[in-house]
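J.: Protein sequence lines, in the order shown, are assigned to chains A and B.
Position one of the first sequence corresponds to residue 1 (this note's numbering), numbered consecutively onward.
Position one of the second sequence corresponds to residue 1 (this note's numbering), numbered consecutively onward.
Quick caveat, the hints were computed from the structure, so don't treat them as lab data.
Hints may contain errors.
Identical chains share a label here; the pair holds if one copy fits it or two copies do between them.
Listed below are the simulated SDA-like cross-link pairs for lysine to any residue, each with C-alpha atoms no more than 20 Å apart in a straight line [said to hold, decoys possible]:
no.: 1; residue 1: Lys-213; residue 2: Ser-195
no.: 2; residue 1: Lys-213; residue 2: Gly-180
no.: 3; residue 1: Lys-213; residue 2: Val-333
no.: 4; residue 1: Lys-213; residue 2: Leu-331
no.: 5; residue 1: Lys-213; residue 2: Glu-336
no.: 6; residue 1: Lys-213; residue 2: Asp-178
no.: 7; residue 1: Lys-213; residue 2: His-269
no.: 8; residue 1: Lys-213; residue 2: Asp-179
no.: 9; residue 1: Lys-213; residue 2: Val-235
no.: 10; residue 1: Lys-213; residue 2: Pro-335
no.: 11; residue 1: Lys-213; residue 2: Ser-332
no.: 12; residue 1: Lys-213; residue 2: Gln-116
no.: 13; residue 1: Lys-213; residue 2: Ala-230
no.: 14; residue 1: Lys-213; residue 2: Ala-237
Protein chains: 2
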Amino acid sequence: MAAAPNPPRHLSDEEFRRAGYALIDWLIDYRARVAELPVMPRVAPGDIRAGLPAAPPQAGESFDAILADLAPLIEPGLMHWQSPNFFGYFPANASPPAILGELLSAGLGQQGMLWQTSPACTELESLVLDWLVSALDLPARFRTDGQGGGVIQDSASSATLCALLAARERASAWQARDDGNPASLVAYCSADAHSSLDKAMSIAGLGRARLRKIATDGAQRLDVAALAQALDEDVAAGLRPFFVCATVGTTAALAIDPVAAIGTLAARHGAWLHVDAAMAGSAALCPELRFVNDGLEQADSYCFNPHKWLLTNFDCDCFYVADREPLLRALSVMPEYLRNAASDSGAAIDYRDWQIPLGRRFRALKLWFVLRSYGIEGLRQFVRHHLALAAELEALIVADEAFELLAPRTLNLLCFACRDDDALSRALLERVNAEGRLFISHTVIDGRYCLRLCIGQTYTTRSHVLAAWQHIRAARAALSGESS
Amino acid sequence: MAAAPNPPRHLSDEEFRRAGYALIDWLIDYRARVAELPVMPRVAPGDIRAGLPAAPPQAGESFDAILADLAPLIEPGLMHWQSPNFFGYFPANASPPAILGELLSAGLGQQGMLWQTSPACTELESLVLDWLVSALDLPARFRTDGQGGGVIQDSASSATLCALLAARERASAWQARDDGNPASLVAYCSADAHSSLDKAMSIAGLGRARLRKIATDGAQRLDVAALAQALDEDVAAGLRPFFVCATVGTTAALAIDPVAAIGTLAARHGAWLHVDAAMAGSAALCPELRFVNDGLEQADSYCFNPHKWLLTNFDCDCFYVADREPLLRALSVMPEYLRNAASDSGAAIDYRDWQIPLGRRFRALKLWFVLRSYGIEGLRQFVRHHLALAAELEALIVADEAFELLAPRTLNLLCFACRDDDALSRALLERVNAEGRLFISHTVIDGRYCLRLCIGQTYTTRSHVLAAWQHIRAARAALSGESS
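The following block holds chain A by itself, in its conformation from the complex:
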């Protein structure tokens, strides 16, 4: 038999080293430049693609050639989420240790689907999630060394879906996995809860129509009396409440639902309580902010996103359950080709059974790097810094007659508008974002068009916030034809 054809040419060690160093340098340069770049890209659909070849190259190209294309061809199409002037949506804050943790994860190329397929991936993940239980003062039953436990999901959307599936499995007396949805299930959240609730109900085959969106009170929090009434009406109609989601920090206004009261109602109906604290959860690092944990002792599941406000690049959602059995019953599979002694013994966690996909990478590394590099004190300082900036900006908005707050500030999000003029607010958003000096997003609160300014980027400091506010004021003045 003829010898095998030659293997392809890979980058040599020296080529990889040179390319790796060059990319690290590129990222450092990007960090130095990014504050000056227009935050929102100035491209129309199709522009970026039009600048790239329609077909892939037949022969390999040098890494230098690839790197040289980044600035002219890719960069113009980036929204600069890492700019200190990015105040939109939520802060997807990365950091040097997290970036390097992702690099290491890619280089080690682990597959953490089973304990057996990467014990280190599994055990470091359990450990850092338990570290966070103590750092955030979460209920001890979320710890992995007990009956419950934590796992890294890609996003709060996936965590919410997993919570819903676990709740369904429990409500069906462990029949749903095999026999499909039991009849009459109904779920609850506030009208301001995240859209992933709708999506999860659709995916689970329950349908969005079975998700009750409970009215909010005057401060965008779920109205407990309205929830109680909806629960009673559904029960009277022969339906079965099985899942209630409370939100700690809504997407629109960062409102904090009354979790304890919601939990009492959920418990009375035997429903699962999931608490979604995607961005706000990180605040619990600071003892003085632990009001974000109120009521959590009743939660069946909980999630928050270090990829939002804890210096860890996406994806990193920490999802906890108080009892892992319903989750495992909902999601376990064990084909022959994955059987192994550690799984059979029950002594090890197989994280495959805690999530939707089978495969998983070593995401705990980046979280471990962040926790060690900053330390708990450094992370507290990070949160406190942003909160102080948000408080300062709040005072400036309140003091400005041209603007008004549309929702109480709970943490690091400002919801404001041009006073009594939604059209002006809308024009202001477009103008400010088009100018590119900063980026903010919007929502609608009580029918009013609302500007959202969220302070949480890694390198955002007081000067960025004050400059953003000056810029917003000047843009409003220009739009309304006044002198500023």
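Following the hints, put chain B in place on chain A, whose structure we already have.
T.: What follows is chain B alone, placed relative to chain A:
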């Protein structure tokens, strides 16, 4: 108002540069060492965790301190998926350009949920997925610039789930998203299809009991006559076939289902045809291997994993649909805070609606780096190299009286056993993996315990394969008390 507290101390540019270079060096050193490390870790559950502090540090630590812990504390718990002696499960092959693409993605910190939130992330992804349509000679209707399109999922499990949800939405005349599962739906796959089918049926609330696992023929392929019979019986019983999954390269034996015949049956019943070619799909890079695409022109959806056999680190599953409407109808949500002009115009792709989670990172970068760095010719050479090695090993196994093949070789997977002695095969697997010179996995084929040896790691060459075979032969001889 007092000025904000100081921000936390981040790594300075020079510290980040030094840490980044050091980590690149660490990875190059790891690559140099990995072939000599025991592939399977020699740890028991709890060992890795026991070596790490029970609580997170209060004060920050230096990156040097973190890096110094990797080799003694983490490495002993790694399964070395990147070793050239890793032949188990599937090859999770990473490569230098892919690793650097992941680094860049982490550093840019993009959120590609909407076109608006990162036009470059969206458009580069569409482009490289279209590149792959031409490079693999897939049906043109999978191209993103037509009615269909491609998207990167984390895994084939998630792709399968999305296909199932799109199929359900179509079968329900667009009612499932809002109203939940229609009655009587039933799905089909072979008994050897991936466990993610079970999981997807559970998640979707249809239940595993509604998944018909069709018998296989003598070569582990779905038996078309048995499928036809099952479809007829279900229809006669008042059930509604809505989804059929054909597998191109089963997990156990890399068997290739008769996709064309399955597609004809699916079409006759109005059922969705999904084709799962997770590992095998990469073979279509080579014109002489395009038999893996047979029948694809009838598929409603298709997926394969560059993170299995195309030098791209996990996660990177390419998922294609022939018509994007059912997928979007199943998964679209549009809360106010995500509304924007590009989405409203319909001119842009919002990949959020093509997947389970909302958030998404810039995964196209690593695929773009791989395609450019190797070129199509380099990637073909990669596949051909492994195939030639697999053919050579096949001949050695067939020529050895102590062993037998348990399934025909289709591509780069060998399924073999000790002749007529399952207990010996089982002992052989344990011994070889415990010795650590290589790693293989197992399955059961037609009731026989089967060793799986898959050739596809980035740096696996002829010498690794021949050494592995010598080692397996010697271990078998030692076990059976013979001299080798």
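J.: Take the hints in turn and mark each one as holding or not.
T.: How the hints compare with the structure:
1. In this homomeric assembly, Lys-213 and Ser-195 come within 20 Å of each other (Cα to Cα) only inside a single copy, at 11 Å, whereas the closest approach across copies is 35 Å.
2. Taking the closest pair of Cα atoms, Lys-213 and Gly-180 come within 20 Å of each other only across two copies (17 Å); inside a single copy the shortest separation is 24 Å, beyond that limit.
3. In this homomeric assembly, Lys-213 and Val-333 come within 20 Å of each other (Cα to Cα) only across copies, at 15 Å, whereas the closest approach inside a single copy is 33 Å.
4. With identical chains, the CA atoms of Lys-213 and Leu-331 are at most 20 Å apart between copies only, with a shortest distance of 19 Å across copies and 27 Å within one.
5. In the homo-oligomer, the alpha carbons of Lys-213 and Glu-336 lie at most 20 Å apart only across protomers (15 Å), although the nearest pairing inside one protomer, at 43 Å, exceeds that limit.
6. In this assembly of identical chains, Lys-213 and Asp-178 lie within 20 Å of each other by CA distance solely across copies; the values are 14 Å between and 29 Å within a copy.
7. For the homomeric pair Lys-213 and His-269, the shortest alpha-carbon distance inside one copy (17 Å) is at most 20 Å, but the shortest distance between copies (38 Å) is not.
8. Taking the closest pair of Cα atoms, Lys-213 and Asp-179 come within 20 Å of each other only across two copies (15 Å); inside a single copy the shortest separation is 28 Å, beyond that limit.
9. With identical chains, the CA atoms of Lys-213 and Val-235 are at most 20 Å apart within one copy only, with a shortest distance of 16 Å there and 38 Å across copies.
10. Taking the shortest alpha-carbon separations for Lys-213 and Pro-335, only the inter-copy value of 13 Å comes in at or below 20 Å, while the best intra-copy value is 39 Å.
11. In the homo-oligomer, the alpha carbons of Lys-213 and Ser-332 lie at most 20 Å apart only across protomers (18 Å), although the nearest pairing inside one protomer, at 31 Å, exceeds that limit.
12. Taking the shortest alpha-carbon separations for Lys-213 and Gln-116, neither the intra-copy value of 42 Å nor the inter-copy value of 28 Å comes in at or below 20 Å.
13. Taking CA atoms no more than 20 Å apart as the test, Lys-213 paired with Ala-230 passes inside one copy only; the shortest distance there is 9 Å, against 42 Å between copies.
14. Taking identical chains as interchangeable, the C-alpha atoms of Lys-213 and Ala-237 lie at most 20 Å apart only when both belong to the same chain, with a minimum of 17 Å there against 38 Å between chains.
Of the numbered hints given earlier, the model fails hint 12 alone.
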